[in-house]
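Novice: Here are the chains, one letter per residue:
4 protein chains.
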Amino acid sequence: MTAPTDQFILTLSCPNRPGIVARVSTFLFEKGCNILEAQQFDDTESGRFFMRVVFNVATGAATGAEIRAGFAAVAEALALTWGLRDKADKRRVLLLASKFDHCLADLLYRWRIGEIPMEISGIVSNHARETYAHLDFDGIAFHHLPVTKATKLEQETEIWRIFQASGSEVAVLARYMQVLSDGLSAKLSGRCINIHHSFLPGFKGAKPYHQAHARGVKLMGATAHYVTSDLDEGPIIEQDVERISHQDSPEDLVRKGRDIERRVLARALSWHLEDRVLLNGSKTVVFRD
Amino acid sequence: MTAPTDQFILTLSCPNRPGIVARVSTFLFEKGCNILEAQQFDDTESGRFFMRVVFNVATGAATGAEIRAGFAAVAEALALTWGLRDKADKRRVLLLASKFDHCLADLLYRWRIGEIPMEISGIVSNHARETYAHLDFDGIAFHHLPVTKATKLEQETEIWRIFQASGSEVAVLARYMQVLSDGLSAKLSGRCINIHHSFLPGFKGAKPYHQAHARGVKLMGATAHYVTSDLDEGPIIEQDVERISHQDSPEDLVRKGRDIERRVLARALSWHLEDRVLLNGSKTVVFRD
Amino acid sequence: MTAPTDQFILTLSCPNRPGIVARVSTFLFEKGCNILEAQQFDDTESGRFFMRVVFNVATGAATGAEIRAGFAAVAEALALTWGLRDKADKRRVLLLASKFDHCLADLLYRWRIGEIPMEISGIVSNHARETYAHLDFDGIAFHHLPVTKATKLEQETEIWRIFQASGSEVAVLARYMQVLSDGLSAKLSGRCINIHHSFLPGFKGAKPYHQAHARGVKLMGATAHYVTSDLDEGPIIEQDVERISHQDSPEDLVRKGRDIERRVLARALSWHLEDRVLLNGSKTVVFRD
Amino acid sequence: MTAPTDQFILTLSCPNRPGIVARVSTFLFEKGCNILEAQQFDDTESGRFFMRVVFNVATGAATGAEIRAGFAAVAEALALTWGLRDKADKRRVLLLASKFDHCLADLLYRWRIGEIPMEISGIVSNHARETYAHLDFDGIAFHHLPVTKATKLEQETEIWRIFQASGSEVAVLARYMQVLSDGLSAKLSGRCINIHHSFLPGFKGAKPYHQAHARGVKLMGATAHYVTSDLDEGPIIEQDVERISHQDSPEDLVRKGRDIERRVLARALSWHLEDRVLLNGSKTVVFRD
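Same order as they appear, the protein sequences are chains R, S, E and V. Here UniProt numbering is used: the first residue of the first sequence is 1, the next is one more, and so on. Here UniProt numbering is used: the first residue of the second sequence is 1, the next is one more, and so on. Here UniProt numbering is used: the first residue of the third sequence is 1, the next is one more, and so on. Here UniProt numbering is used: the first residue of the fourth sequence is 1, the next is one more, and so on.
The following block holds chain R by itself, in its conformation from the complex (with noise of 0.2 Å):
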């Protein structure tokens, strides 16, 4: 093994054809990397191929910006989608919530004790601070953005401006109750996630837990997603469900929502933090953990 260096996350995607794990692996022997994991998926419907690959380099071999400069004639070649980050660059990440902030709360202690590799840009709310009394933002900045119907697009122009301002290359709707317009949707395409507190594509819309409720379902879900300016529709990332029965209230679905909807929207948080998930048209390739 190579002395311990800084490790690289390689992700690529392109039409299938052979040799391309080839041309990578041997890309990378010659900068002198070592691929650490390596996940490939060869879509036979779309004909399109995905790879991710983490790799370190030895010590006095090629730097970051040599291998990116290389890699680069080989993308070409190939005709790749690709992204090249350094692991220990941690991606800033805007936060959205409204009242209820168990996913907020939830997020923001796995990112105090290191568990989500991120920086936090900044939380947005149309609510106010004191809602959050309890939460410790340790210097984040807080943007309280009230909304109306009248007031929607100054509000998300705002929220944009936020955006980039800050710096982030993520947003998360931590249980933000607003729908965002299709142009916001559109300019946060695949860099925005929203967590539905439904097994989609069932219950899709306003109240979910009180429609599985009316339905009689045996089983509850939460739904990770991208946003996309189809309500509900977008790619989607990770789920998970339990089991309930004829005694839970809507109010007991509640309860017991916040807890898979907590862990799925961190789940789908971290796995496209560390570049494990890829978009394939209207779905995704997620090399998890």
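Just so you know, the hints here were simulated from the structure itself, not pulled from any lab data. Ideal Cβ positions, reconstructed from N, Cα and C, are used throughout, including at glycine. A few of these clues could be false.
To be verified - Using C-beta positions, here's what the derived DEER-type ranges look like:
no.: 1; chain 1: E; residue 1: 137; chain 2: R; residue 2: 15; range: 53 to 61 Å
no.: 2; chain 1: S; residue 1: 165; chain 2: V; residue 2: 59; range: 56 to 64 Å
no.: 3; chain 1: V; residue 1: 158; chain 2: S; residue 2: 169; range: 32 to 40 Å
no.: 4; chain 1: R; residue 1: 37; chain 2: V; residue 2: 64; range: 26 to 34 Å
Fit chains S, E and V to the supplied structure of chain R, relying on the hints for placement.
Specialist: This is chains S, E and V only, laid out in the frame that chain R set:
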């Protein structure tokens, strides 16, 4: 404990009001019955009360017929919908299947080893006996009833005739791939169980595994429900799911689904036969084991 | 339905014999009580009967004190071990933690939003207040009680003093990493809940995640149990597991385990506080929600 | 994509070092092979690297024999432990059973519908053919080999003779209730799969369901593992669990366990036959589907 005697299962539902449990349990005590299991549910939405009691009778105390006769007076006073069965009396079940026989084979196996308390009153299929060449039907009557659009009425008339003539009390659509008409659904109301190969209410209708694959869900499931004239909308008895991934083709989902389908259907049927499932409008109360 | 009044929870166990349910439910009916939930279990091995009843009282009917006084006579006649609580009376709970605070933070959050019905009577740790700098204790008394082998007796004496002085009824070892002595275990018998980070009886003792990694299991879990002098052998209240793989390092198991631990402990504590857990020798009867 | 040809599965393990993936994938590319699936694992503890590759070959390119011959040189240079199989070549599997036939019946069913890619080379039981009167063995050789303490050596000698004479490559203890001797375990090392009816390492040895009932666990499980001379300590391939409660008698656990056992064993066997399971000391690397 009393000497071992027959066990009885009493189920009841009624508008809730104080004193029901006292009245029922006092009646049983006075008849020399010992309660072995009891479960109840007070639906505060519908205002209905549901109860299931398993009891046995002290040697020399009342007979089943005496208990039944005596309880009728209690039931009338409380406006109960009720049923009383000797646990040893097995219901007669008509199995309906089509080409895929994994649920049929599974139910036959569980019946043979005594896991599901039933007599099988017959097997109906729109495919010929050779389709199941490797299955030992053990003398159970097999009815080959092919069906086309033009002959559906006649075929269903024959199914109904067989159901009645064979003394059947329950029908099971064990991946029987024909939609029952409204008329037959109505006749079998509350005693016909279907297994739908999706986690309802997601992916209603045809080819649910292909729908699930196209949507990119991360869990897939199966649903056992009572058949109603409203397709895939009947009261749900049991559901289960398994985790899937982007790697799973529709064929993989079909394969993995077989395991979910057969265990969900077997559970739902067993619970129905043990009088654990009570109808509550368009939902069910399930007193699980 | 009666007008909304206080709800009461009655739990009892006794040697099984006919007539218990009749006697109890008739008593409640005569006092003007309406049963909202009832669950019972007849353990044919030990010959003991267990019951939990939630009821409310018609306006103008008996008070809690009257019901309690009246029931004492019933209880004596039937040789019951029993308890009767006003559901609105919250028990006082002493939380004990060490360095890792994920369970502590989780319980505080659930308490704050009203999910777990308790008052927190104090927080004890062998680490200093700064360890939890980011947690808002909201005025709850914090007791820093460092401990060494030499001072264990004195430290436990102080824990016991705090438990009594604060009016505590339950102690929770929320990843408190000190083994309680036999003496303190005995004093807290049946009212001290621990979370062990393995799926007991596998991987007792220290570093269970490392043990699980070394053995190569494919699922890992956590166990909430009552503390007894026999380490990791106390009556189990709740367990849960998650799937792991060969890729998971011991550190990954620690990370994934945090989610299991906190939900298993929260469930066990909630059920204990709702009088859903009854001791049955070295096992528990859990009337789940 | 190349025209559809035979698919091959390559598995390998070796001491980790840079360049393995490059070397292997470049070899395959140069031989006209297209990688369809690839999974790898770098065990940083043992310093070993594991890889599984599924590929097909362009029409007119190399034959399987040519690929095998060419790869031998690569393998020697890298000190690989490796295997290369035509995916269409089904392994021959010897099934061993005792009185309870739920796993046997299940494997036969899955084999018949083509779900598990194997040929069944024979069925061995210490019970007579009549025990399985309702199972259609479809011409598979059945060997009744009763056994006593005194005849164990002779009986195992006969098992081994049958295993060899029938060209078997895998043995499956499908609830075969005899403990294999150290000698036979050694001969079948790495190719004999057992299903143990507990969630190992909990409840080793006899009557695990009764042990689980006595301990009062809230989940129970089953474990498929390779047989070694150290009873119930072999490398674990797959495990699963289901929730149980205080209501479940040991007989209920036996019943519920059948479902877990058969799906865990079927998964483990399928994965073994698809070369998804690689031995890593006393553990396994499982490249799941």
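Novice: Next, verify each hint and record whether it holds.
Specialist: These are the hints, each one checked on the structure:
In this structure the hint that residue 137 of chain E and residue 15 of chain R lie 53 to 61 Å apart at CB holds, the actual value being about 57 Å. Between residue 165 of chain S and residue 59 of chain V the Cβ separation comes to about 60 Å, which falls inside the hinted range of 56 to 64 Å. Range check, residue 158 of chain V to residue 169 of chain S: Cβ separation about 50 Å, and the 32 to 40 Å hint is violated. Range check, residue 37 of chain R to residue 64 of chain V: Cβ separation about 30 Å, and the 26 to 34 Å hint holds.
Hint compliance for this structure: hint 3 is the single one not met.
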